[in-house]
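**Student:** This is what each chain is made of:
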Amino acid sequence: MKVLVPGISGRLGRMLAERLVEGGHDVIGIDRRPMPDPPAGVELHELDIRKRAAEDVFRRVRPNAVIHMATVTHLVVQSEDRYRINLGGTRAVFEHSAAYGVEHVTFVGRHTYYGAAADAPLFHVEDEPPMGLSSFPQLADLVAADLYAGSALWRYSSFVTSVLRMVYTLGPTGHGTLATFLRGARVPTLLGYDPLFQFMHEQDVVTALVTTLEARPRGVFNVAGPNPVPLSVIIKETDRTNVPLPGPMLRAALGRFGLPKLPRGALDHIRYPIIVDDSPFRKTTGFQHAIDEKTAMHAFRDAFPRPVM
Amino acid sequence: MRLPIDPEVRERVERLELPWNEFGIDPYGVSKEALAANYTLARFFYRHYFSVDAYGLEHVPKKGRVMLVGNHSGGVALDGAMVYASMFFDMDPPRLAQGMAEKFINTIPFASKMATRVGQLTGLPQHAERLLSEERMLVVFPEGAKGTMKLYKDRYSLVNFGQGFMRLAQKMKTPIVPFAFMGGGDAVPTIANSVTLGKMLGMPYIPITPWLVTLPLPVKLEVYYSEPMFFEGTGTEEDEIVMANVEKVKARIASLIEVGYKRRRGEP
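So the sequence lines, in the order shown, correspond to chains A and B.
Read the first sequence against our numbering and you will find it ends at 335, with the numbers running on by one and no gaps.
Read the second sequence against our numbering and you will find it ends at 346, with the numbers running on by one and no gaps.
You can trust all of the hints, since none of them are fake.
The list that follows gives simulated cross-link-like pairs (lysine to aspartate or glutamate, DMTMM-like), each with its CA atoms no further than 25 Å apart: (1) Lys141/B / Glu100/B; (2) Lys181/B / Asp303/A; (3) Lys110/B / Asp318/A; (4) Lys140/B / Glu207/B.
Hints in this document: simulated from the structure, not taken from any laboratory.
The task is simple: from the sequences and hints, build the whole structure.
**Tutor:** See the structure below:
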């Protein structure tokens, strides 16, 4: 199968490309970032998915499937530009897919779609609306991209759309929001709160994407790995120091004293859990995670030992 | 500082049938450590301070989904805590009773964390359905917050029941074990409820006792469980049908209170 991967140069993109090549697929990658030393057999195009040249790739290659990973978070791009990348890029992917005979499009979204709040249920299900936008506006573009991708389910009948809401990634590449948060020796938490976090090893993320490619499930799906774990346990198991601070003090201390920088709204994400129910995805595709929570945490710890201050 | 864990509590926590992970935590964030600490403290109150007597335990199913439905008694969450303790200490094997916490709890530091760790999830229909579908035990007080605000003179009366619990039981095909909780109103004799004071502390209200602070007196408390009740249906029935079922449960609880009241007064 010819598989086009916008956003291939990210760490997950590279791992996905390797796995697809191993599986005998033709992999075509699009990314505006350079990809040094691409996996053998990958056809790489260093260009912006929103530009004319990207459409030419669709026209020439005529991929069977697209796995759209070219969305960025507020941690990567901290400007208005993020809206254009995430929404413009997603629109381009779907329009070109419709125009050039793609059979299956996978949108890789995030479980933070649901938002974190005191009155939010544990184990979100797919039909819930996004509730966290008022407290965390930096998520708006990703939520909008997720909903836009979902609209492809009725907008385009010529291909199957799978919208995935994936939990945090944790593993040896140190990629992702949670891993970035855990990077320093000291990890700030909110005094009196210890929310559950749901994460999966990056190899399981890739397995979930490949499973989606094979099973072609139509619809919106939460994707998760092992059972959630309290933040304090993650900090302990990755050999970091938990620094619990009262809310106002934490807001003032973020970005200083070796603590990570976080937008205000992100504090809700270390106050309340965002946990998803992934049973429909497992049932529809037969996906099973291979790596348990302890192994994932230790894989991260071994690759990123506690920094010496 | 850590409370020394009572060995009996430790042994009972180990016998709870819950899907623990390697860290002793279940998928909802309930933790063995927190349960052990919590029930070590609860043990003192259950066995000694209030020396709670539980009657009719044979009516409570040892396994599978069930809802314990009863009256509120006492201005603080004494009733809930002692019912959970009776399931933990007097059932064999012990069962973890899970209540539905008021939403404000989750906004208070420490309270939010502790509530989750001991299995008291935020009161949402999604949580209730999920716990029952996993064959757990749910404790419901259909009087709601109005029930905890009962004054001393009304301590053996019942206020209006909501119908949410009945729709839930019908939808989830769950037996209801009605119970009466006796004595909470004597332990915390509420003479008034201060909403203003409550607001200042981030709570809906604070019960005021004759000695002002809300410390409960060491009076004897009792719980009466009765036979399980089953209600057919899907939970989408007309209000009248559901309310008729609700009234049956309410009447059963009222009769249990009657029995308990007589016994408390030493009548035959």
